[in-house]
Amino acid sequence: MAPRKKLLKLGGGSACPGERIEPAVELVEKGGIDYIVFDSLSESEMLAFERHKLSHPDEGFDIYTERRLRAIWPICARKGIKIIGNMGAANPKAAQDLAIRVARELGLGGVKVAVVLGDDVLSLVKDLDLKVNETEKRISEFGDRLIAAHAYIPADPVVEALEAGADLVMTGRVGDASLYLAPMIFEFGWREDEWDSFAKGIILGHLFECAGQLTGGYFADPPYKVVPNLYRLGFPIAEVAPNGDAIITKVPGSGGLVSPATCAEQMLYEVGDPTRYIEADVISDFSDMGFEQIGPDRVAITGVIKGNPKPELLKVNLGVKDGYRAEGTIFYAGPGAYERAKLAADIIKKRLELISHLKADALRFDLLGINSLYGSSDEKPETVPWEVGLRVAGRTRESAEAWKIMHEIETIDNNGPAAIGRGLRKEDVTEILGYYSTFIPRVKVKTEVLIEEA
Amino acid sequence: MGKVQLREICHARSGDKGNTANIGLIVYDEQHYELIKREVTAERVKVFFKGTVKGEVERYELPRMGALNFVLHQALDGGSTRTLSFDVCGKALSSVLLSLIIETSV
Numbered sequence: 001m002a003p004r005k006k007l008l009k010l011g012g013g014s015a016c017p018g019e020r021i022e023p024a025v026e027l028v029e030k031g032g033i034d035y036i037v038f039d040s041l042s043e044s045e046m047l048a049f050e051r052h053k054l055s056h057p058d059e060g061f062d063i064y065t066e067r068r069l070r071a072i073w074p075i076c077a078r079k080g081i082k083i084i085g086n087m088g089a090a091n092p093k094a095a096q097d098l099a100i101r102v103a104r105e106l107g108l109g110g111v112k113v114a115v116v117l118g119d120d121v122l123s124l125v126k127d128l129d130l131k132v133n134e135t136e137k138r139i140s141e142f143g144d145r146l147i148a149a150h151a152y153i154p155a156d157p158v159v160e161a162l163e164a165g166a167d168l169v170m171t172g173r174v175g176d177a178s179l180y181l182a183p184m185i186f187e188f189g190w191r192e193d194e195w196d197s198f199a200k201g202i203i204l205g206h207l208f209e210c211a212g213q214l215t216g217g218y219f220a221d222p223p224y225k226v227v228p229n230l231y232r233l234g235f236p237i238a239e240v241a242p243n244g245d246a247i248i249t250k251v252p253g254s255g256g257l258v259s260p261a262t263c264a265e266q267m268l269y270e271v272g273d274p275t276r277y278i279e280a281d282v283i284s285d286f287s288d289m290g291f292e293q294i295g296p297d298r299v300a301i302t303g304v305i306k307g308n309p310k311p312e313l314l315k316v317n318l319g320v321k322d323g324y325r326a327e328g329t330i331f332y333a334g335p336g337a338y339e340r341a342k343l344a345a346d347i348i349k350k351r352l353e354l355i356s357h358l359k360a361d362a363l364r365f366d367l368l369g370i371n372s373l374y375g376s377s378d379e380k381p382e383t384v385p386w387e388v389g390l391r392v393a394g395r396t397r398e399s400a401e402a403w404k405i406m407h408e409i410e411t412i413d414n415n416g417p418a419a420i421g422r423g424l425r426k427e428d429v430t431e432i433l434g435y436y437s438t439f440i441p442r443v444k445v446k447t448e449v450l451i452e453e454a
Numbered sequence: 001m002g003k004v005q006l007r008e009i010c011h012a013r014s015g016d017k018g019n020t021a022n023i024g025l026i027v028y029d030e031q032h033y034e035l036i037k038r039e040v041t042a043e044r045v046k047v048f049f050k051g052t053v054k055g056e057v058e059r060y061e062l063p064r065m066g067a068l069n070f071v072l073h074q075a076l077d078g079g080s081t082r083t084l085s086f087d088v089c090g091k092a093l094s095s096v097l098l099s100l101i102i103e104t105s106v
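Same order as they appear, the protein sequences are chains A and B. Residue numbering for the first sequence follows the working numbering, starting at 1 and increasing by one per position. Residue numbering for the second sequence follows the working numbering, starting at 1 and increasing by one per position.
Hints are not guaranteed to be accurate.
With a cut-off of at most 30 angstroms between alpha-carbon atoms, the simulated DSBU-like pairs for lysine-lysine come out as follows [said to hold, decoys possible]:
| # | chain 1 | residue 1 | chain 2 | residue 2 |
| --- | --- | --- | --- | --- |
| 1 | B | Lys17 | A | Lys126 |
| 2 | A | Lys82 | A | Lys126 |
| 3 | B | Lys17 | A | Lys315 |
| 4 | B | Lys37 | A | Lys306 |
| 5 | A | Lys315 | A | Lys93 |
| 6 | A | Lys310 | B | Lys17 |
| 7 | B | Lys54 | A | Lys137 |
| 8 | B | Lys46 | A | Lys342 |
| 9 | A | Lys350 | B | Lys50 |
| 10 | B | Lys46 | A | Lys225 |
| 11 | A | Lys359 | A | Lys93 |
| 12 | A | Lys342 | B | Lys91 |
Computed footprint of chain A on chain B; a stretch qualifies when at least three of its residues, placed anywhere within it, have a C-beta under 8 angstroms from a C-beta of chain A [as the list claims (entries may be wrong)]:
| # | stretch |
| --- | --- |
| 13 | 29-37 |
| 14 | 70-83 |
Worth flagging that the hints you see were computed from the coordinates, not collected in a lab. Using N, Cα and C, we set each Cβ at its ideal position, and we do this for glycine too.
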């Protein structure tokens, strides 16, 4: 098939559900793009949406979807920009219903909204009783604790939706990078054996799936790494040729930075072996890839990206009820803050052990500002800190045990060291939805595309 | 014998996949790539993060980017949804690694 376009321009609209909205508006208004792609999902976000759906069966999709669509859709409709995103999360059909209602309210009669179904493989993985990667035991050992299973769906059904003329494609767990690959396959007519093109597309998708993390967000570290005007960070634009070669840039005049350094950092974000980057669409080798600055905020992808045939197995994320987590933080200030925080930790630890006989899988005490990230817990700070936070966190099998931890954090005020600053109360006990994974033969996973017109 | 802190010659980014973390370490100037290849070994990174990383550390090379990618297994206390760590996704690992001081001559 001859390419539909000689140059395809894609915009990266979000990195997460609660993403800023105005950079996406800027992209569709001024970016000259053909598609805007929104990523709403990570492993933990998907489980958070599943958790929400347990108590709100009609919800479980990205809660910012309505606000985002209202902000960008009229502009997209005017300019013919298509929208793709996995904002359907744990409930894609409900997201489609919402989109149809929003389209009608915006006066966008006639727009086509597609939804991709089939990533929810909960009953399938139970039937097949697959092996869990982390535990090396069968899924059935989780029993009723297993509440969610989502397979990483490739770009194919999104391409199918575009072929059917969809203006907005909403999905559940389609791979983040696959969302970007789909318009390239559709516009350039790539066949499935063109693995190098697929690999270029998927690697570009990987670069774009965190939006502003490619254009100077999550990068600044002054004075070594300085990013101009981060307060109005612009989101990325890809200019893609029919062979998959691409240039990365951003909206002219927006804040941020596109350089080989910002691109290399994002290329290495959340990846393993660069010779075997596995997505549902293709297995890519980006170990010989590079970046070259070819203009202000313009970077070309250089070197070699190779593709190998798609995997026979699809990765499946599992959500498993996995006990409870209790967490709370208190602060001490002024001279002796460090010593008082340590004393409070000692009191809470002894009370949990000796008085309430806590049964916990893990218990952790952090001194915020001292060792809460990667310090040793015995390390005394070299300078006297002006304020120190004590964070107590525990993981338990039973909810009642978690509440024992909470109770000690709450009662340390009157009964512990002098002069506590508690700030906004954030203490809470939450049920843990643990993340596990398995692999399913791809032939078992059936996807479906439903299209509705507003 | 000269010494340099990694932050002077490299930048880095880290993130998670399940209970595995990775850190991309990238030189600002390609003339330092051989130096970090020699000094910042997988073993060195494993020792540096002892207490945090319970599993193995693997290192991959990306010469055209002037980068090394370190994969840290069992580094996130069970992963972002279970961990008790303040840094749920291992995103602060990158800046901590930049504190490492290496020898600049043999």
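To see whether the hints hold, each was checked on the structure:
{"no.": "1", "hint": "Lys17/B to Lys126/A", "verdict": "holds (23 angstroms)"}
{"no.": "2", "hint": "Lys82/A to Lys126/A", "verdict": "violated (37 angstroms)"}
{"no.": "3", "hint": "Lys17/B to Lys315/A", "verdict": "holds (12 angstroms)"}
{"no.": "4", "hint": "Lys37/B to Lys306/A", "verdict": "holds (24 angstroms)"}
{"no.": "5", "hint": "Lys315/A to Lys93/A", "verdict": "holds (22 angstroms)"}
{"no.": "6", "hint": "Lys310/A to Lys17/B", "verdict": "holds (20 angstroms)"}
{"no.": "7", "hint": "Lys54/B to Lys137/A", "verdict": "holds (21 angstroms)"}
{"no.": "8", "hint": "Lys46/B to Lys342/A", "verdict": "holds (29 angstroms)"}
{"no.": "9", "hint": "Lys350/A to Lys50/B", "verdict": "holds (27 angstroms)"}
{"no.": "10", "hint": "Lys46/B to Lys225/A", "verdict": "holds (26 angstroms)"}
{"no.": "11", "hint": "Lys359/A to Lys93/A", "verdict": "violated (42 angstroms)"}
{"no.": "12", "hint": "Lys342/A to Lys91/B", "verdict": "holds (26 angstroms)"}
{"no.": "13", "hint": "29-37", "verdict": "violated (count 0)"}
{"no.": "14", "hint": "70-83", "verdict": "holds (count 7)"}
In the structure shown, a violation is registered for the earlier hints numbered 2, 11 and 13, in ascending order.
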